[in-house]
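Chemist: Protein chains in written order, with the working numbering: chain A, 8 to 247; chain B, 68 to 170.
Quick caveat, the hints were computed from the structure, so don't treat them as lab data. Since the structure is predicted, the reported quantities are computational estimates derived from the model, not experimental observations. We treat Cβ as the ideally placed atom computed from N, Cα and C, and that holds for glycine. One should not assume that every hint holds.
[As the list claims (entries may be wrong)] Quick list of the computed label-pair ranges, beta carbon to beta carbon:
| hint | chain 1 | residue 1 | chain 2 | residue 2 | range |
| --- | --- | --- | --- | --- | --- |
| 1 | B | 105 | A | 30 | 31 to 39 Å |
| 2 | A | 198 | B | 101 | 23 to 31 Å |
| 3 | B | 152 | A | 78 | 23 to 31 Å |
| 4 | A | 31 | B | 169 | 49 to 57 Å |
| 5 | B | 129 | A | 20 | 46 to 54 Å |
| 6 | B | 167 | A | 55 | 32 to 40 Å |
| 7 | B | 132 | A | 19 | 30 to 38 Å |
| 8 | B | 128 | A | 169 | 26 to 34 Å |
| 9 | A | 198 | B | 102 | 18 to 26 Å |
| 10 | B | 74 | A | 106 | 23 to 31 Å |
| 11 | B | 132 | A | 15 | 49 to 57 Å |
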Amino acid sequence: MKIKENPTRLDIEGTWRGIRMMLPLAVFTIAFGLAFGVAAVHQGLAGWEAMLMSLFVFAAPSQFAALEMWHSPLPLLALAAVTLAIHTRHMLMSAALYPWLKALPQRQQFAMVILLTDSNWAMALGEYQRGERNLGILLGGGIALWGAWVVGTAVGLAFGGGITEPERFGLDVIMLCFLLMIVVGGNPRAAMALPWLAAAASALMAYWWLPPYLHVMVGAITGGVVAVLLPGRWLRESAS
Amino acid sequence: MIPSPVWQSLIAITLMVVIAYGSRVLGLMVMSHVPLSPRVRRFVDAMSSSVLIAVITPIIVHGDGGVRLAAIAAGTVAVVFRSPLVSIAMGMLCAAGWRWWVG
Numbered sequence: 008m009k010i011k012e013n014p015t016r017l018d019i020e021g022t023w024r025g026i027r028m029m030l031p032l033a034v035f036t037i038a039f040g041l042a043f044g045v046a047a048v049h050q051g052l053a054g055w056e057a058m059l060m061s062l063f064v065f066a067a068p069s070q071f072a073a074l075e076m077w078h079s080p081l082p083l084l085a086l087a088a089v090t091l092a093i094h095t096r097h098m099l100m101s102a103a104l105y106p107w108l109k110a111l112p113q114r115q116q117f118a119m120v121i122l123l124t125d126s127n128w129a130m131a132l133g134e135y136q137r138g139e140r141n142l143g144i145l146l147g148g149g150i151a152l153w154g155a156w157v158v159g160t161a162v163g164l165a166f167g168g169g170i171t172e173p174e175r176f177g178l179d180v181i182m183l184c185f186l187l188m189i190v191v192g193g194n195p196r197a198a199m200a201l202p203w204l205a206a207a208a209s210a211l212m213a214y215w216w217l218p219p220y221l222h223v224m225v226g227a228i229t230g231g232v233v234a235v236l237l238p239g240r241w242l243r244e245s246a247s
Numbered sequence: 068m069i070p071s072p073v074w075q076s077l078i079a080i081t082l083m084v085v086i087a088y089g090s091r092v093l094g095l096m097v098m099s100h101v102p103l104s105p106r107v108r109r110f111v112d113a114m115s116s117s118v119l120i121a122v123i124t125p126i127i128v129h130g131d132g133g134v135r136l137a138a139i140a141a142g143t144v145a146v147v148f149r150s151p152l153v154s155i156a157m158g159m160l161c162a163a164g165w166r167w168w169v170g
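Same shape as in the complex, but just chain A (with noise of 0.2 Å):
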């Protein structure tokens, strides 16, 4: 146990920290920027055009989400809808590291959350509850998990057009697991069922009654509404 509380510090030394402990799981982001590049070929994106969001969106699952909407006239007011949607998420994460992050000027505040992503967030908020106090670790991660994620987009990329069947490999359904894996993996909780099979449900309605890409609204605000409308006692503590 830490009696004293350490001030909250950055540095080079615990950025490499942040960079090696999140090495482990760099290696598998390489390989979601891998499918994220094969995926964006086989969509028809431009290279450049996928690589762009990698560089800048960072952000694996709006970038997965934005492919399924990819088709020309780009749906842009359905694409904005659903990217901010999903990152909503972010939020609550920069929020909860903001206890942590407020002993910096506002200026390098705003720095350090570019990089946020979910598994730095993770890891470094772990971190800080064991006493952590090097806001280097969140950074670092962020590097760590941005500079895989870009390196596996451009290789994905580079070989991703060779494959001509991509079906036969089950390389189509690589969006799907990955987005799967989020909602189920991150974070299982039987209180979410219900909103969860209210989203599914109204989606797939939207999808088959209404004009393309509402679903997706639809689903996500059906979803939010069941979760406020459930006993508060059901889901108690459900954002971290």
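Place chain B on chain A using the hints.
Modeler: Just chain B now, with coordinates in the frame of chain A:
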């Protein structure tokens, strides 16, 4: 497929970047003024996972046997073993296997 015009792609990617980074910063800005109420947290938390459910449900329902088998396999592995890459690998393996043997 006709590739989308360059300007459209650029707008789309810019939109995504702004939203992706904006939401990360917004969490900090909101927290520095008011702590989020549990109700809002619950809504946002449920919404951000429901949106992914909404994306994948029609894909599974309208997919072939390989897609459905992949979804079951990947979901089960993700819950039981909590290993992301094994989950995806199993999904791909099941889809490829189904199409190899069943057609």
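Chemist: Is the gap between the beta carbons of residue 132/B and residue 15/A within 49 to 57 Å?
Modeler: For residue 15/A against residue 132/B, whose Cβ atoms are near 53 Å apart, the range 49 to 57 Å holds.
Chemist: Given a hinted range of 30 to 38 Å, is it respected by the beta-carbon distance of residue 132/B and residue 19/A?
Modeler: Given about 53 Å between the Cβ atoms, the range is violated.
Chemist: Per the hint of 23 to 31 Å, is the separation of the Cβ atoms of residue 198/A and residue 101/B within bounds?
Modeler: Holds, at about 26 Å.
Chemist: CB of residue 152/B to CB of residue 78/A, is that within 23 to 31 Å?
Modeler: holds (29 Å)
Chemist: Could you tell me whether the CB distance from residue 198/A to residue 102/B stays inside 18 to 26 Å?
Modeler: holds (22 Å)
Chemist: State, for the Cβ atoms of residue 105/B and residue 30/A, whether the hinted interval 31 to 39 Å holds or is violated.
Modeler: holds (37 Å)
Chemist: Please check whether residue 31/A and residue 169/B have a Cβ separation lying inside 49 to 57 Å.
Modeler: About 36 Å separates the Cβ atoms of residue 31/A and residue 169/B, which means 49 to 57 Å is violated.
Chemist: For the hint 32 to 40 Å, verify it against the beta carbon of residue 167/B and that of residue 55/A.
Modeler: holds (35 Å)
Chemist: Go ahead and decide if the range 23 to 31 Å is satisfied by the Cβ distance of residue 74/B to residue 106/A.
Modeler: Violated, since residue 74/B and residue 106/A (Cβ atoms, about 42 Å apart) do not stay within the stated range.
Chemist: Could you check the hint for me, namely that residue 128/B and residue 169/A are 26 to 34 Å apart, CB to CB?
Modeler: holds (32 Å)
Chemist: Holds or violated: 46 to 54 Å for the Cβ distance of residue 129/B and residue 20/A?
Modeler: Holds, at about 52 Å.
Consistency note: the structure conflicts with the earlier hints numbered 4, 7, 10.
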